[in-house]
Structures are given as C-alpha cells and as structure tokens.
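Novice: So in this note's numbering the end of the sequence shown lands on 432, straight run, no missing numbers.
What the hints contain is simulated information worked out from the structure, not anything from laboratory work. From the three backbone atoms N, C-alpha and C, an ideal C-beta is built for every residue, glycine too. Any given hint might turn out to be false.
Each computed DSS-like pair below joins lysine-lysine, with the alpha-carbon atoms no more than 25 Å apart [said to hold, decoys possible]:
1. Lys-298 / Lys-378
2. Lys-314 / Lys-258
3. Lys-257 / Lys-211
4. Lys-218 / Lys-256
5. Lys-233 / Lys-257
6. Lys-218 / Lys-314
7. Lys-372 / Lys-362
8. Lys-298 / Lys-233
9. Lys-424 / Lys-376
10. Lys-370 / Lys-424
11. Lys-298 / Lys-257
12. Lys-362 / Lys-298
13. Lys-256 / Lys-211
14. Lys-233 / Lys-218
15. Lys-233 / Lys-256
16. Lys-186 / Lys-218
17. Lys-314 / Lys-256
18. Lys-362 / Lys-378
19. Lys-298 / Lys-372
20. Lys-233 / Lys-258
21. Lys-376 / Lys-218
22. Lys-186 / Lys-233
23. Lys-186 / Lys-257
24. Lys-298 / Lys-314
25. Lys-376 / Lys-298
26. Lys-211 / Lys-258
27. Lys-393 / Lys-370
28. Lys-314 / Lys-211
29. Lys-186 / Lys-298
30. Lys-424 / Lys-362
31. Lys-186 / Lys-314
32. Lys-370 / Lys-186
Derived DEER-like restraints, expressed as beta-carbon distance ranges [to be verified]:
33. Thr-374 / Lys-257: 41 to 49 Å
34. Glu-306 / Ser-431: 39 to 47 Å
35. Ser-227 / Ile-411: 24 to 32 Å
36. Lys-362 / Asn-311: 36 to 44 Å
37. Leu-254 / Ser-431: 40 to 48 Å
38. Arg-369 / Thr-394: 26 to 34 Å
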Amino acid sequence: MYDRNLTEASKSALAELCSTLTIYKNDFVLAGGWAPYFLTQNHFDHCGSKDIDLVLKPAIMTRYESIRKIIKNLGYEETYNPFRFEKNVISPLDKKKYTINVDFLTEPEAAEQILPFIKVQDDLTACLIEGSSIVFKFKYENEIEATLPNNGKISVTVSTANIVGALTMKGLALPRLSDKDSYDIYAITGHYGGNPMEASKAYINQIRKTKLTTKEKATIHLSLNRINQAFKTMDSYGVQSVSRFVGTDIHADVHTRTNTFMKNIMQTLSL
C-alpha cells in the first residue's frame, strides 16, 4: 500500500500540472491510478497514486513539443522515455520530497507520426497503448482540490476517465502484472457507488448511452476478458495481487465483488 505522504505529494503535483495545462484541458484525460481514487470517493478508502497518467488525444500529438516545454518549465526532468517525466515534490503532509512521475499516454500510431524514430519497445509500451483514446468517449468533469507544492490551495477541474474509461484502461494494463492495477480494478468493480451492483449498473448505463465504433467495442471487450480471467478464481493472479498490495488476506472479498460485477456485465452486455 502506498504511503499517504507520497500520494499527497502526487496529488499536489497533479493539481499543479492540470492547472498549468489548462490551455489543453480538452485534449487530455486523467486516467491511471488517480481515476479510481476519485471514482470511489465516499465509498472506499483508496490509497491514491504515486504516478500521474494523462491520456493525450491523438490529434494533439502534433503539439506535443509545446506540452513538453510546459512540463519542463514546471521543473520536471526528461527520462529515457520521451513520454515520461519526473520531479521531486514536497508533500503537504510531512514536508519531505518525493519523486513523482508523469506519464503521457496515447495511441502508438499517433506517437509514431511525430516521433518516427521511436519504436514500440518494452520501455515505451507503458505509454503507447492501443485503444487508450477510449477515455475520450468515457470521461466526466472532476473538480480536484489540493495544496500546491508551494503551499497554496487550489481547485482545478479536470477531465477524468469515468467508470468505463478507467476500468478499460486498467484491464488493458493487466499484462504488465502490477499489483496496483489489480487493486484499482477491485476498487472500481467492488466499490463504485458503494457495491458491485451499483458499479455494474453505472457501467452498463454508460455503455448503452454511448455510440461505439467496432474498434472501441473490441477494446472494451478485450479489457473485460482480461479482467474476467485475472479474477476468475480465488487463486487467480488478480485476486492474489490485491491481497499482496494491501498487505492482508482479502481474497474472498476481492473474488466476490469482482465476480458479482463481471457476472452482471457479461449477462447484460453483448459487445
């Protein structure tokens, strides 16, 4: 489980970053570990995230160099990955510095258009995600309140992946075998709206009212299949990894909640 001092530093950086990128507010969506945190507020004590993941609209990639300059002006440093930046941020809780990573995610073909020298290698696959633009169909306006790294309080409105967008992204990420991804899936499927039944209703409603392309349907279907396989039995990877992440045996609760959600989804939807 993540240290709250660390995640509050990340939240502080998130607010600063999104405020600074206001000019591009219609061109990115907050996903990753912060989306489940905001989706389950008031229903689940989510630990937050140590990283910040912003999905960029493919069309905006032609202006990526301008975005990079803004990020660097905030004090972020480039890494080996041209889509990942890092910065030491002071936590508003313990006043210590923590290294926060910012990842810009986008469709592989969109990135390759502006960076033809980049090949989709293992070190880039975390940021170049086929189907990631699905979040632009499934998002909501989310008001984030936080204390900035310089101690000033701020409120900023950020387009954030909703239950379908966030869960789809997490399902797509499962092959990287991160315990945190499984934890986030458990949080969303088991606690959005208070329980799996409410979560599945909300998910189904979002799907039904949204016109999807064949490719988008395939992306959602792939994600759901991965989640279904990862949480199918008590000894499945996803179930085990949630308990490992929180540091206590909650196998039964994880299995029950995720499978209740998946059963309702699979019985109702045909994507």
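Novice: None of the hints should be skipped; say for each whether it holds.
Specialist: Against the structure, the hints come out as follows:
no., hint, in the structure
1, Lys-298 / Lys-378, "12 Å, holds"
2, Lys-314 / Lys-258, "18 Å, holds"
3, Lys-257 / Lys-211, "14 Å, holds"
4, Lys-218 / Lys-256, "35 Å, violated"
5, Lys-233 / Lys-257, "22 Å, holds"
6, Lys-218 / Lys-314, "29 Å, violated"
7, Lys-372 / Lys-362, "18 Å, holds"
8, Lys-298 / Lys-233, "29 Å, violated"
9, Lys-424 / Lys-376, "23 Å, holds"
10, Lys-370 / Lys-424, "20 Å, holds"
11, Lys-298 / Lys-257, "38 Å, violated"
12, Lys-362 / Lys-298, "18 Å, holds"
13, Lys-256 / Lys-211, "16 Å, holds"
14, Lys-233 / Lys-218, "20 Å, holds"
15, Lys-233 / Lys-256, "23 Å, holds"
16, Lys-186 / Lys-218, "11 Å, holds"
17, Lys-314 / Lys-256, "15 Å, holds"
18, Lys-362 / Lys-378, "18 Å, holds"
19, Lys-298 / Lys-372, "9 Å, holds"
20, Lys-233 / Lys-258, "18 Å, holds"
21, Lys-376 / Lys-218, "16 Å, holds"
22, Lys-186 / Lys-233, "18 Å, holds"
23, Lys-186 / Lys-257, "30 Å, violated"
24, Lys-298 / Lys-314, "31 Å, violated"
25, Lys-376 / Lys-298, "13 Å, holds"
26, Lys-211 / Lys-258, "13 Å, holds"
27, Lys-393 / Lys-370, "28 Å, violated"
28, Lys-314 / Lys-211, "20 Å, holds"
29, Lys-186 / Lys-298, "15 Å, holds"
30, Lys-424 / Lys-362, "12 Å, holds"
31, Lys-186 / Lys-314, "20 Å, holds"
32, Lys-370 / Lys-186, "24 Å, holds"
33, Thr-374 / Lys-257: 41 to 49 Å, "46 Å, holds"
34, Glu-306 / Ser-431: 39 to 47 Å, "40 Å, holds"
35, Ser-227 / Ile-411: 24 to 32 Å, "45 Å, violated"
36, Lys-362 / Asn-311: 36 to 44 Å, "42 Å, holds"
37, Leu-254 / Ser-431: 40 to 48 Å, "47 Å, holds"
38, Arg-369 / Thr-394: 26 to 34 Å, "30 Å, holds"
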